[in-house]
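Protein sequence lines correspond, in order, to chains B and R. Using the working numbering, you'd call the opening residue of the first sequence number 1 and step up by one each time. Using the working numbering, you'd call the opening residue of the second sequence number 1001 and step up by one each time.
Any given hint might turn out to be false.
[Unchecked claim] One-sided and incomplete, this derived list gives chain B residues near chain R with beta-carbon spacing under 7 Å:
1) TRP45
2) ASN57
3) THR64
4) PHE65
5) TYR72
6) LEU75
7) LYS89
These aren't lab readings, by the way, just hints derived from the structure by calculation. Note that beta-carbon positions come from the ideal geometry of N, C-alpha and C, so glycine has one too.
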Amino acid sequence: MTRATEAATAIGILGTIYLALLFQWLPITLPPTIQEFILPVLPWWVLVTFGAYSLGNIGYHVMTFRDCPEAYDELQVQISQAQNDLRSKGIGL
Amino acid sequence: MAHLASFSFTSSPSNSASSLSPLLQSHQQPHLSSPLQDTLINIDNSATMTNSYKYSVLLPTYNERENLPVIVWLLTKTFQENNINYEIIVIDDNSPDGTLVVAEQLQKIYGEDRILLRPRAGKLGLGTAYVHGIQHATGDFIFIMDADMSHHPKFMPEMIRLQQAKNLDVVTGTRYAGNGGVYGWDLRRKVISRGANFLASVLLRPGVSDLTGSFRLYRKEVLSRLIESCISKGYVFQMEMMVRARQFNFTIGEVPITFVDRVFGDSKMGAMEIVSYAQGLWKLFVAV
Chain B
1 MTRATEAATA IGILGTIYLA LLFQWLPITL PPTIQEFILP VLPWWVLVTF GAYSLGNIGY
61 HVMTFRDCPE AYDELQVQIS QAQNDLRSKG IGL
Chain R
1001 MAHLASFSFT SSPSNSASSL SPLLQSHQQP HLSSPLQDTL INIDNSATMT NSYKYSVLLP
1061 TYNERENLPV IVWLLTKTFQ ENNINYEIIV IDDNSPDGTL VVAEQLQKIY GEDRILLRPR
1121 AGKLGLGTAY VHGIQHATGD FIFIMDADMS HHPKFMPEMI RLQQAKNLDV VTGTRYAGNG
1181 GVYGWDLRRK VISRGANFLA SVLLRPGVSD LTGSFRLYRK EVLSRLIESC ISKGYVFQME
1241 MMVRARQFNF TIGEVPITFV DRVFGDSKMG AMEIVSYAQG LWKLFVAV
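Please construct the entire structure, taking both the sequences and the accompanying hints into account.
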């Protein structure tokens, strides 16, 4: 099963359960608060929550993305070492 | 106390992997030598000494005249210092700047058994460069990396150690975990990179932190198998290799690396790259 079919299956199952609850297709009585106030806006809540999570995740990881100037400095030293050594061995740089 | 600790270290291979970075540091700080650390250092050395495998480095090049000698010098230095048997395979796609001429000079210095030249007639893409390189590789393991010095060979011994400690099929360098990092990236580049990686991890759930990285160690037959099954090109190709590896249940390990953006030459990253990345990602989402 590809990732796309996995995702489609999950969305299909969850969507069916949601619609069944929303339109009261099942012989289940939910508390009126859930039925009248939570269910109608649940998809929007999921969407906004996922968006907020995504932005938070990316923002956090951009913030903690480490800069490594020491790796650059080390490389510069090694590049000039390498170039000197290679020149002494007759490579035209 | 020290005795107990060293016992548990030797008896369980999974512990050794998590203690890798302290091991490396203890090498550089001999004055901190305690009985425990002596034991660790001995184990560490024996792991390198008993390693009879050969490692082939595939270096696809296009206009890397300035970078190639330095990267080869760094590779050679690293392998010699760590007693690692190696060969470097330069796959040059007929660079107009004369990369191949420089490569021939390097071959004279380091030997024809160490530097192998496998040039091609033109720019034919990364995937086929690896296929071409593997055909000529005599190593048991293959390193793939960029020839522009954004990947530093100093991380290779650690990748090898992790591979051996856990008997892994693939070890990939990660800029996003542990002590990994980047140099020379502005905020825009960081946001794009992080956003792209987040999107990919949500859609593909690959289980590795750095999907688009291209500094990796593969078991030779694993790399052949992966390339055979991959359909994408460019950035997405590196990503697909990881996703396929997970699909085939190959074991994957990660080593934090630093990524220093190209010193010589231009880095390629524009709107076109982002669009083709998104298209490639979608293809993988549907196909894998």
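Okay, the hints, checked on the actual structure:
{"no.": "1", "hint": "TRP45", "result": "violated (19 Å)"}
{"no.": "2", "hint": "ASN57", "result": "holds (6 Å)"}
{"no.": "3", "hint": "THR64", "result": "violated (9 Å)"}
{"no.": "4", "hint": "PHE65", "result": "holds (5 Å)"}
{"no.": "5", "hint": "TYR72", "result": "holds (4 Å)"}
{"no.": "6", "hint": "LEU75", "result": "holds (5 Å)"}
{"no.": "7", "hint": "LYS89", "result": "holds (5 Å)"}
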